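Peer 1: Chains as they are written, first to last, in this note's numbering: chain X, 1 to 115; chain U, 1001 to 1113.
Derived by calculation from the structure, the hints in this document are not laboratory data. It is possible that some hints are incorrect.
[Unchecked claim] Ranges between beta-carbon positions, derived for each pair:
| hint | chain 1 | residue 1 | chain 2 | residue 2 | range |
| --- | --- | --- | --- | --- | --- |
| 1 | U | Asn1056 | X | Glu53 | 43 to 53 Å |
| 2 | U | Arg1077 | X | Thr16 | 23 to 33 Å |
| 3 | X | Lys41 | U | Pro1021 | 18 to 28 Å |
[Said to hold, decoys possible] So these bits of chain U aren't anywhere near chain X, every CB distance computed over 10 Å:
| hint | residue |
| --- | --- |
| 4 | Thr1026 |
| 5 | Ser1041 |
| 6 | Met1110 |
[Unchecked claim] Derived DSSO-like pairs: lysine-lysine, alpha-carbon spacing no greater than 30 Å straight-line:
| hint | chain 1 | residue 1 | chain 2 | residue 2 |
| --- | --- | --- | --- | --- |
| 7 | X | Lys18 | X | Lys41 |
| 8 | U | Lys1069 | X | Lys22 |
| 9 | X | Lys40 | U | Lys1112 |
| 10 | X | Lys19 | U | Lys1003 |
| 11 | U | Lys1069 | X | Lys19 |
| 12 | X | Lys40 | X | Lys18 |
| 13 | X | Lys41 | X | Lys22 |
| 14 | X | Lys40 | X | Lys19 |
| 15 | X | Lys41 | U | Lys1069 |
| 16 | X | Lys40 | X | Lys22 |
| 17 | X | Lys41 | U | Lys1003 |
| 18 | U | Lys1003 | U | Lys1069 |
| 19 | X | Lys19 | X | Lys41 |
Here the structure is a predicted model, which means the values were calculated and not measured. Note that beta-carbon positions come from the ideal geometry of N, C-alpha and C, so glycine has one too.
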Amino acid sequence: ETGVTQTPRHLVMGMTNKKSLKCEQHLGHNAMYWYKQSAKKPLELMFVYSLEERVENNSVPSRFSPECPNSSHLFLHLHTLQPEDSALYLCASSQDGTANTGELFFGEGSRLTVL
Amino acid sequence: DAKTTQPNSMESNEEEPVHLPCNHSTISGTDYIHWYRQLPSQGPEYVIHGLTSNVNNRMASLAIAEDRKSSTLILHRATLRDAAVYYCILRDGWGNAGNMLTFGGGTRLMVKP
């Protein structure tokens, strides 16, 4: 138990569906992240929120839309995805403002399959 | 962020020490060396980090070369539960907001009983 909870753990969706991934952290952190892990590829940073402001959008297609309503919650809204978007989506949190030496705490991930 | 180079895989016997190497020849003076590991079917977890001096914690030790161009993660007694992918990552200590870490391929450690 890392203090970062992701739901759902598994999601299967069609290319025309709209779904959302949810992440909640119980650690009092002020920064949250979405990473994507595809088969046989390194983790890719997608989005970073610090103090509820988006500070990084790593050239992610617009069919992925993040939302950070408060410092404890992070969503990834999915719309019109492609089969190649099938991957493990990992959420993480950290306490920002510590000269970037603070550790990231990851959730267990949401396994997404796009048919 | 500067790049790191790690072997793709390593094998170890249970209850023996394991030394996982990482090369980072282009490291800058403000880069911290972070290690994470990812157990099967889980998200990555923090192991240790350091800047110049060797570091020890309950999970592992980090030995940093004097010129900082390489480092070694040391697991003192490998157990079957240490089988994972180990990532060595450099992070600028004075970068932009957010602890953004760039993961490479890591080293897959296999532990034999």
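Peer 1: If I claimed the Cβ atoms of Arg1077 of chain U and Thr16 of chain X lie 23 to 33 Å apart, would that claim hold in this structure?
Peer 2: 52 Å, violated
Peer 1: Sort out whether Lys41 of chain X lies within 30 Å of Lys19 of chain X, counting only the CA atoms.
Peer 2: 24 Å, holds
Peer 1: Could you grab the alpha-carbon distance between Lys1003 of chain U and Lys1069 of chain U and see if it respects the 30 Å cut-off?
Peer 2: Satisfied, since the Cα-Cα distance of roughly 11 Å is no more than 30 Å.
Peer 1: Lying within 18 to 28 Å: is that true of the beta-carbon distance Lys41 of chain X to Pro1021 of chain U?
Peer 2: Check passed, 23 Å falls within 18 to 28 Å.
Peer 1: Against chain X, does Thr1026 of chain U keep a CB gap of more than 10 Å to every residue?
Peer 2: Holds, because the least Cβ-Cβ distance between Thr1026 of chain U and chain X comes to about 18 Å, which exceeds 10 Å.
Peer 1: Given the hinted pair Lys41 of chain X and Lys1069 of chain U, is their alpha-carbon gap at most 30 Å?
Peer 2: Since the Cα atoms of Lys41 of chain X and Lys1069 of chain U sit roughly 25 Å apart, the hinted pair holds (cutoff 30 Å).
Peer 1: Is Lys1069 of chain U within 30 Å of Lys22 of chain X, Cα to Cα?
Peer 2: 39 Å, violated
Peer 1: Within a Cα-Cα threshold of 30 Å, do Lys40 of chain X and Lys1112 of chain U meet the stated pairing?
Peer 2: 23 Å, holds
Peer 1: Holds or violated: Lys41 of chain X with Lys22 of chain X, Cα cutoff 30 Å?
Peer 2: Holds, at about 23 Å.
Peer 1: Against the 30 Å threshold, does the CA-CA distance of Lys41 of chain X and Lys1003 of chain U hold or violate the hint?
Peer 2: 16 Å, holds
Peer 1: So if I understand the rule, the pair passes when the alpha-carbon distance is 30 Å or less; does Lys40 of chain X with Lys19 of chain X pass?
Peer 2: 25 Å, holds
Peer 1: If you check the beta carbons of Asn1056 of chain U and Glu53 of chain X, does the distance land in 43 to 53 Å?
Peer 2: 37 Å, violated
The structure does not agree with the numbered hints 1, 2, 5, 8, 10, 11 stated previously, though it agrees with the rest.
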